[in-house]
Amino acid sequence: MNIFDREPKKLKEIMEKEKITWRSIASQAVTSRWNAGTPTYYVIDPNGVIRYKWVGSPGEKVIDTALEKLLHEEENKTKKPAR
Amino acid sequence: MRCTIPLLAVLCIANTVRSADPRAEVPSTLAQEYQRALKESGQVSPNFRDAKTDEERKKAVETTDQFVRRFVKLAEKYPNDPLALEVLTQAVRSMNSQDSAVQMSWQTNKTAFPIRGKDDSTELAMALLVRDHLRSEKVGVVCERMRYGTRKEYETFLHKVMKESPHKDVRGLACLSLAQFLYAHAVKLDLYAERPELLERYEALLGKEYFDSLRRKGHHGLNKEVETLLEQAGSKYGEVKLPFGGTVGEQAKIELFEMHHLAVGKEAEDIEGKDQDDKPFKLSDYRRKVVLLYFWSEY
Numbered sequence: 000m001n002i003f004d005r006e007p008k009k010l011k012e013i014m015e016k017e018k019i020t021w022r023s024i025a026s027q028a029v030t031s032r033w034n035a036g037t038p039t040y041y042v043i044d045p046n047g048v049i050r051y052k053w054v055g056s057p058g059e060k061v062i063d064t065a066l067e068k069l070l071h072e073e074e075n076k077t078k079k080p081a082r
Numbered sequence: 000m001r002c003t004i005p006l007l008a009v010l011c012i013a014n015t016v017r018s019a020d021p022r023a024e025v026p027s028t029l030a031q032e033y034q035r036a037l038k039e040s041g042q043v044s045p046n047f048r049d050a051k052t053d054e055e056r057k058k059a060v061e062t063t064d065q066f067v068r069r070f071v072k073l074a075e076k077y078p079n080d081p082l083a084l085e086v087l088t089q090a091v092r093s094m095n096s097q098d099s100a101v102q103m104s105w106q107t108n109k110t111a112f113p114i115r116g117k118d119d120s121t122e123l124a125m126a127l128l129v130r131d132h133l134r135s136e137k138v139g140v141v142c143e144r145m146r147y148g149t150r151k152e153y154e155t156f157l158h159k160v161m162k163e164s165p166h167k168d169v170r171g172l173a174c175l176s177l178a179q180f181l182y183a184h185a186v187k188l189d190l191y192a193e194r195p196e197l198l199e200r201y202e203a204l205l206g207k208e209y210f211d212s213l214r215r216k217g218h219h220g221l222n223k224e225v226e227t228l229l230e231q232a233g234s235k236y237g238e239v240k241l242p243f244g245g246t247v248g249e250q251a252k253i254e255l256f257e258m259h260h261l262a263v264g265k266e267a268e269d270i271e272g273k274d275q276d277d278k279p280f281k282l283s284d285y286r287r288k289v290v291l292l293y294f295w296s297e298y
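These protein sequence lines map, in sequence, to chains A and B. In terms of numbering that gives the first Met the number 0, the first sequence is residues 0 to 82. In terms of numbering that gives the first Met the number 0, the second sequence is residues 0 to 298.
In short, the hints are calculated from the structure, not lab data. From a predicted model like this one, the values you see are computed outputs, not experimental measurements.
Computed list of lysine to any residue pairs in SDA-like fashion (alpha-carbon distance at most 25 Å, straight line):
1) K281(B) to M14(A)
2) K288(B) to V54(A)
3) K281(B) to I19(A)
4) K151(B) to E196(B)
5) K151(B) to T37(A)
6) K68(A) to V290(B)
7) K76(B) to Q31(B)
8) K288(B) to N75(A)
9) K68(A) to Y191(B)
10) K265(B) to P195(B)
11) K265(B) to D44(A)
12) K223(B) to V54(A)
13) K207(B) to E193(B)
14) K288(B) to P38(A)
15) K60(A) to L198(B)
16) K11(A) to Y285(B)
17) K159(B) to V186(B)
18) K18(A) to L291(B)
19) K11(A) to K278(B)
To give an idea of the chain B side of the interface with chain A (calculated C-beta under 8 Å), a few residues:
20) L261
21) A262
22) I270
23) G272
24) K273
25) D274
26) V289
27) L292
The C-beta atom is built at its ideal place from N, Cα and C for all residues, glycine as well.
Using the sequences plus the hints, can you model the full thing?
In structure tokens, the structure reads:
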């Protein structure tokens, strides 16, 4: 999901130009509340808890590994429901 | 672009200082030498990301170090020139961009590489700031810049300013900057806890001894220190204006909010808005799913 900090009407235009397919919103209010002055990434788990946060890109591999780890956790939970 | 903007601003300041000088017919030698150094540093500014081998990275580090040293030596040579503080501020900016370039280069380069060359001049820069500018009312600007760097000498310097500057505005900027500087280190500790393989890189960036001392303080100790500084920034220096808008109090509040609500382990606050197709959007609609949130801007 993208959170973009400029005016909403430019969002679609930029998304087309940059070929972004994610669901995106444009909101200055949200970016300043989240103190995201530089590109910032958050990974949020199925319970709504922040599990990873990177200010500036840590590289694709690190993000992928983190996401895979959480998805595996989730899979294991569904396979072995708590007794 | 991000590199050229501060550079242009600096040149303007240097020009203003020169033309405002009543002895304008005899231009200050520091101003001339400084402008020459700035121009040359802009021309050969090395790109760490393009460095493919250890040898190339070493060269990039040495080139940046050379210019940092040149700025610092200029300030040493002309201690009484009003421009000396600006020259030292530029040295700090260059050190900071060196530190962040190395961190960015980790995305592509797997080798940790020490960023401080043999003739590192951070210590000399701080010694000159203490000797010639500690009591200056203008030293707040360089204090503010230090939040973007990683060097242990900044921590010592900011503590000293907080203790010894006679100007409340300067003490306020140092207090906030120190909090932000230490918070960035606290975040590094958290990343290291998650990925122990980062040890070598952080030791290369911060020096083994400094990283060890941060590890001894630990997540909890360091966060407590940051919190205390932010609370102090809010209560004692709330009204102090920041160089780029807003006040110390407002920024301290934002930073505290980030620590308490936007850190790893905290429940994410809901986000509501409209998406690109004008459909209502809520982060909480994605419960039971893993979500990657990316905040970005057009640069």
